[in-house]
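Residue numbers (this note's numbering), protein chains in the order written: chain E, 3 to 298; chain D, 4 to 447; chain L, 37 to 301.
Read the hints as simulated data drawn from the structure, not as lab findings. Beta carbons: idealized from backbone N, C-alpha and C, even for Gly. One thing to keep in mind: the hints can contain errors.
Claimed, not checked - Straight-line alpha carbon distances no greater than 25 Å define the calculated BS3-like cross-link-like pairs of lysine-lysine that follow:
(1) LYS84(D) with LYS158(E)
(2) LYS157(E) with LYS248(D)
(3) LYS150(E) with LYS399(D)
(4) LYS421(D) with LYS150(E)
(5) LYS71(E) with LYS61(E)
(6) LYS216(D) with LYS150(E)
(7) LYS71(E) with LYS281(D)
(8) LYS190(E) with LYS288(L)
(9) LYS209(D) with LYS150(E)
(10) LYS421(D) with LYS269(D)
(11) LYS326(D) with LYS396(D)
(12) LYS396(D) with LYS158(E)
(13) LYS61(E) with LYS438(D)
(14) LYS248(D) with LYS399(D)
To be verified - Output of the computed footprint for chain E on chain D, the stretches with three or more beta carbons under 8 Å from beta carbons of chain E:
(15) 86-98
(16) 168-182
(17) 245-252
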Amino acid sequence: MNFYRLIDRHLGKILVAPALIGLAFVVLYPLFMNIFMSFQEMKLTRPDAHGWVGFDNYKALLGDPVFRKAIGNSLLWTVLGVTGQLLVALPIALLLNVDFRGRGFYRGALLIPWVMPSVVAAFTWVWMYDGSFGIINHILMQLHLIEKPIIWLGKKDTALLAVVIEHIWKGFPFPMVMLLASLQTIPKDIYEAADVDGASRWQKVMRITIPLIMPTLALCTVFLTIWTFNSFENIWLMTEGGPLNASETLTTYVYKVAFQSFDLGKAASSALIMLSMLSVVIAIYAIFISRRQEVR
Amino acid sequence: MKKAVSLLLIFSLMLLAACGGSGGNGGNSAGGSGNQKDGGSTANQNSDVSQNSGGKTVELTVWVYDYLASDDNSPLVQAKKAFEDANPNIKINFQPTVYGTSSYRDKFITQVNGGAGPDVIISDVVWVPQLASMGTILPITDKAQGVVDQFHEGPLQTVTYKGELYGLPWEASPMAIYYNKDAFRAAGLDPDNPPKTWQELHDAAKALTGGGKYGFAYMGGWGGSFDWLPFLWQAGGELFDAEGKTALFNSPEAVESVNFLFGMVKEELIPPAALTWKSWDELNSAFGAGLIAMYQSGAWSLNSLNSANLSFDWGVFESPAGKQQATVLGGMDWVIGANTVDADAAYKWIEFITNKENMEVLSKFNRISARKDNTEQSIFSDPQMKVFIDSIKFAKARPSTPVWTEVDYNVLQPALLKIVHDDADVQQTMDEAVKQANELLSAN
Amino acid sequence: MHLLMICIVFVIDFPFLWMLFTSLKPVGETMTIPPTFLPRSISWDGFIRAVDGNFAQYFINSLYIALITTAAALVLGIMAGIGFSRYRFRGSRGFQLGILVTQLFPLILLVTPYYVLMSRFGLIDKHLSLIITYCAFTLPFCVWMLNTYFHSVPVDMEESAMIDGCSRLGAYFRITIPLAAPGIAATAIFAFVLAWNEFIFANTFLDSAAMRTLPIGLRTFIGQYSTEWNVLMAASVITTLPVVLMFVFLQKHFIRGMTSGSVKG
Numbered sequence: 003m004n005f006y007r008l009i010d011r012h013l014g015k016i017l018v019a020p021a022l023i024g025l026a027f028v029v030l031y032p033l034f035m036n037i038f039m040s041f042q043e044m045k046l047t048r049p050d051a052h053g054w055v056g057f058d059n060y061k062a063l064l065g066d067p068v069f070r071k072a073i074g075n076s077l078l079w080t081v082l083g084v085t086g087q088l089l090v091a092l093p094i095a096l097l098l099n100v101d102f103r104g105r106g107f108y109r110g111a112l113l114i115p116w117v118m119p120s121v122v123a124a125f126t127w128v129w130m131y132d133g134s135f136g137i138i139n140h141i142l143m144q145l146h147l148i149e150k151p152i153i154w155l156g157k158k159d160t161a162l163l164a165v166v167i168e169h170i171w172k173g174f175p176f177p178m179v180m181l182l183a184s185l186q187t188i189p190k191d192i193y194e195a196a197d198v199d200g201a202s203r204w205q206k207v208m209r210i211t212i213p214l215i216m217p218t219l220a221l222c223t224v225f226l227t228i229w230t231f232n233s234f235e236n237i238w239l240m241t242e243g244g245p246l247n248a249s250e251t252l253t254t255y256v257y258k259v260a261f262q263s264f265d266l267g268k269a270a271s272s273a274l275i276m277l278s279m280l281s282v283v284i285a286i287y288a289i290f291i292s293r294r295q296e297v298r
Numbered sequence: 004m005k006k007a008v009s010l011l012l013i014f015s016l017m018l019l020a021a022c023g024g025s026g027g028n029g030g031n032s033a034g035g036s037g038n039q040k041d042g043g044s045t046a047n048q049n050s051d052v053s054q055n056s057g058g059k060t061v062e063l064t065v066w067v068y069d070y071l072a073s074d075d076n077s078p079l080v081q082a083k084k085a086f087e088d089a090n091p092n093i094k095i096n097f098q099p100t101v102y103g104t105s106s107y108r109d110k111f112i113t114q115v116n117g118g119a120g121p122d123v124i125i126s127d128v129v130w131v132p133q134l135a136s137m138g139t140i141l142p143i144t145d146k147a148q149g150v151v152d153q154f155h156e157g158p159l160q161t162v163t164y165k166g167e168l169y170g171l172p173w174e175a176s177p178m179a180i181y182y183n184k185d186a187f188r189a190a191g192l193d194p195d196n197p198p199k200t201w202q203e204l205h206d207a208a209k210a211l212t213g214g215g216k217y218g219f220a221y222m223g224g225w226g227g228s229f230d231w232l233p234f235l236w237q238a239g240g241e242l243f244d245a246e247g248k249t250a251l252f253n254s255p256e257a258v259e260s261v262n263f264l265f266g267m268v269k270e271e272l273i274p275p276a277a278l279t280w281k282s283w284d285e286l287n288s289a290f291g292a293g294l295i296a297m298y299q300s301g302a303w304s305l306n307s308l309n310s311a312n313l314s315f316d317w318g319v320f321e322s323p324a325g326k327q328q329a330t331v332l333g334g335m336d337w338v339i340g341a342n343t344v345d346a347d348a349a350y351k352w353i354e355f356i357t358n359k360e361n362m363e364v365l366s367k368f369n370r371i372s373a374r375k376d377n378t379e380q381s382i383f384s385d386p387q388m389k390v391f392i393d394s395i396k397f398a399k400a401r402p403s404t405p406v407w408t409e410v411d412y413n414v415l416q417p418a419l420l421k422i423v424h425d426d427a428d429v430q431q432t433m434d435e436a437v438k439q440a441n442e443l444l445s446a447n
Numbered sequence: 037m038h039l040l041m042i043c044i045v046f047v048i049d050f051p052f053l054w055m056l057f058t059s060l061k062p063v064g065e066t067m068t069i070p071p072t073f074l075p076r077s078i079s080w081d082g083f084i085r086a087v088d089g090n091f092a093q094y095f096i097n098s099l100y101i102a103l104i105t106t107a108a109a110l111v112l113g114i115m116a117g118i119g120f121s122r123y124r125f126r127g128s129r130g131f132q133l134g135i136l137v138t139q140l141f142p143l144i145l146l147v148t149p150y151y152v153l154m155s156r157f158g159l160i161d162k163h164l165s166l167i168i169t170y171c172a173f174t175l176p177f178c179v180w181m182l183n184t185y186f187h188s189v190p191v192d193m194e195e196s197a198m199i200d201g202c203s204r205l206g207a208y209f210r211i212t213i214p215l216a217a218p219g220i221a222a223t224a225i226f227a228f229v230l231a232w233n234e235f236i237f238a239n240t241f242l243d244s245a246a247m248r249t250l251p252i253g254l255r256t257f258i259g260q261y262s263t264e265w266n267v268l269m270a271a272s273v274i275t276t277l278p279v280v281l282m283f284v285f286l287q288k289h290f291i292r293g294m295t296s297g298s299v300k301g
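Only chain E is shown next, with the shape it has when bound in the complex:
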């Protein structure tokens, strides 16, 4: 009997332990390796020139105008990407929450962008954006909205925006599903009670729905921010950071440093800078949830 009591007392930690141990294992090791490498000169193409260089890598990064541009682009990319995804996901989730016939089909159909393999999605959009083969230009010209095709991915002012649109399109189903799940756990009685009190639809959404899904919404925002900030494949496949660094984000920059210049030390330093930027986001979220805890 004592054994069960012991388990019961520490059940929380026991439940949590496997996940923690597994994660510690596969995350702490690369993290420490990375911190170590960031202070080293480690170009794979010059095996003889390895060694400790202190903060040189960081200085080189911050002195590189392309790196600074990448920081700016990453921030812009993240703000646009996250806002866009949420702005598309939330209204659709609200629509799908209404009990109408066949909504299962619509839920599935709207999931498609997210499920499509990212390489195919990227190529499809490159193709759609193309100046000669692209259907987007074709349609816009048929509608007489433009006269000549716009080279979306080839012009400095439109490249980043064009990739953001693909990112929003591909990513929104995830927050949509999350928010929908959260909406579905709101008991119907609360709405019924509000109806009894004569609440309008708008009031119900603002006073009941949004506050109740706020935890999920906040968490979605955090994860979307992290993933959008760290997203690499779609930008790389569509523009590789070009033209002329117009869509260069920190992720494409890191990739180029690691796999074109083979400078692992510098790549490690860039990764740590990215990590610190994201930690700010996490810190803000941590404050948010601790405030919520107090309110509870």
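Take the given structure of chain E and dock chains D and L to it, following the hints.
Relative to chain E, chains D and L alone:
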């Protein structure tokens, strides 16, 4: 409770199946060495060397481009069987790997740096200097003494790094110019007399542009340096000096070549969409759709165009001469991985597959051998192939310095883009680019 | 209402429809100027060639890797989610945040360290290496999401069940988990899709052709010099639709909507 327990049981059973089943059943004709790849934490431990009564059998893992060994009927697989028959103590396992800079080259680097990696791989010619400088492939200068002079100069350059030979060249693919013969006739040009000089090329492109169609095109998605190199060399310019320590692409000849090719963009002889094109597909399709009348490409486009059953008459002609004829070389080399279990056996294979008898393997893929006697390949009788085979003698390889990729993508291509996008001053931009390139070259 | 939804679906799924129609076009019609949307003549060539060869094997490989990853991530995630939402122990807040930190690393830099790790354990060219890796990637998210969903299930429900004679664990199984079903299903689809579509790690860890997963199989259609678009698109349709159908099926059976009536007061 019972449901949970049974779920847990099923789950653990599946987990066990994943551990045991995968490696053991990983055998098929193409790559059954999954079982032997245990550990790999120490070098030279990536394949078993099993003892049998007759003698030591060596098992080599060889990476090939996925499409070269898609099934047992592939000519390459047939050649492998012939090799194994002739060398009973060497067994070769092909591992078809997806071609791509990150899916192939980086995978190789990761595996070798992780202590393992294959014994032999096919490598794109442009990767060899990097792989050599990282120590991920082995020099074979001594072993290859006997066969070195059997190959053309250009392809040999692609496997040479710091004076040492790091592999044997297999396929050589130079570029030539594809042209729409019907469009030529419609524009009043003679399709049997394609352009031989820059002037003729420019005039033809101009005559062929109009009515929504363009005379020329290039792959501008990164900047267009691959398409530009032939023109640089045709003008008599150079990328780097002989030691590879100084950049020379701001010379008057180089500037002349930049003005020639990218001048065509400014004159709108090239479709604006070409600035985003990153694949041969786009050029092939634009050509097939009649949008462009001429473009540079290698023999690889012959297959695509032939199978597209184009409605018009088309052909290929040799790169024109500026001061001289020149074109750029792509291709494949065979190299030996640094963690190979048996360098001699590995060398035996690559010498075998690049010898004269096996030239036909390449012919069956419609590729050109890098050997000097490639004129004896059966495909030589095809007049279009002949153009490419003849082009090898003036084809140049890209520089064999490991920082070429960096210089190309970070310095050269941006410079070309600036000239096209921002209408930047050519001499100034190239001077600036040379300065940056020199910094990269000296740091190496 | 239906009209609105159809419009939305059409706009959003337009690229997918484009992909679908391309897969039905014969080779010559795929990249034309001007572009065509509907195929002029339907050709099944794309699909026939897509499933030729080892494609079925890749499908099975991807399927069971994704299923095991999802199951593992859910089990560990539900445990941790309940643990964090129902128990307050020292450092629990710190651990929760620590889990989030694991998501911050750019994935491409993790390839080499993970390869070395898997190599040490002899897991190269084995599917288990991917299952472990994908679990590591999805677990933080699963833990956090499930934590949030479990928070929304009031503790009183378990307590009233326990008053009725249920054990604590029993209460979790019979009350808490079913009530969070929508969240669990959503988390499951996330883990599944990640494992289903991941390429870089799969390509680096797997060597033999028979071990390949679908994303690797897809890339084989992207040739060095030319791509067979109709085949690639057909393969993508085959890769995408089953997952979507699975989700629709799960929705119908797993999620009964709100359990109205069971919560009073």
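*Could you grab the alpha-carbon distance between LYS157(E) and LYS248(D) and see if it respects the 25 Å cut-off?*
34 Å, violated
*asked:* Hinted pair, alpha-carbon criterion (25 Å max): LYS209(D), LYS150(E). Please report holds or violated.
replied: 21 Å, holds
*Is LYS421(D) close enough to LYS150(E), meaning Cα to Cα at most 25 Å?*
22 Å, holds
_Tell me if the straight-line CA distance from LYS190(E) to LYS288(L) falls inside 25 Å._
Holds. LYS190(E) to LYS288(L) sits at ~19 Å (cutoff 25 Å).
*Given coverage of the region 245-252 of chain D by chain E, checked by CB-CB distance under 8 Å (3 or more)*: Our answer is that it is violated, as 0 residues pass the Cβ test (under 8 Å) against chain E, missing three.
*asked:* So if I understand the rule, the pair passes when the alpha-carbon distance is 25 Å or less; does LYS61(E) with LYS438(D) pass?
replied: 21 Å, holds
*Annotated coverage of the region 86-98 of chain D by chain E, confirmed only when three residues or more have a Cβ within 8 Å*: Answer violated; 0 residues pass the 8 Å Cβ test.
*Under the criterion that the straight-line Cα-Cα distance not exceed 25 Å, is the pair LYS150(E), LYS399(D) satisfied?*
39 Å, violated
*Taken at face value, is the distance from the CA of LYS150(E) to the CA of LYS216(D) at most 25 Å?*
14 Å, holds
*Does LYS281(D) lie within 25 Å of LYS71(E) when you go C-alpha to C-alpha?*
Within the cut-off at roughly 24 Å; holds.
*asked:* Checking one constraint from the list: CA of LYS84(D) to CA of LYS158(E), max 25 Å. Satisfied?
replied: 53 Å, violated
*Cβ contact check, 8 Å cutoff: the region 168-182 of chain D against chain E, three residues minimum*: violated (count 0)
Figure legend: structure checked against the earlier numbered hints; hints not met, in rising order: 1, 2, 3, 12, 15, 16, 17.
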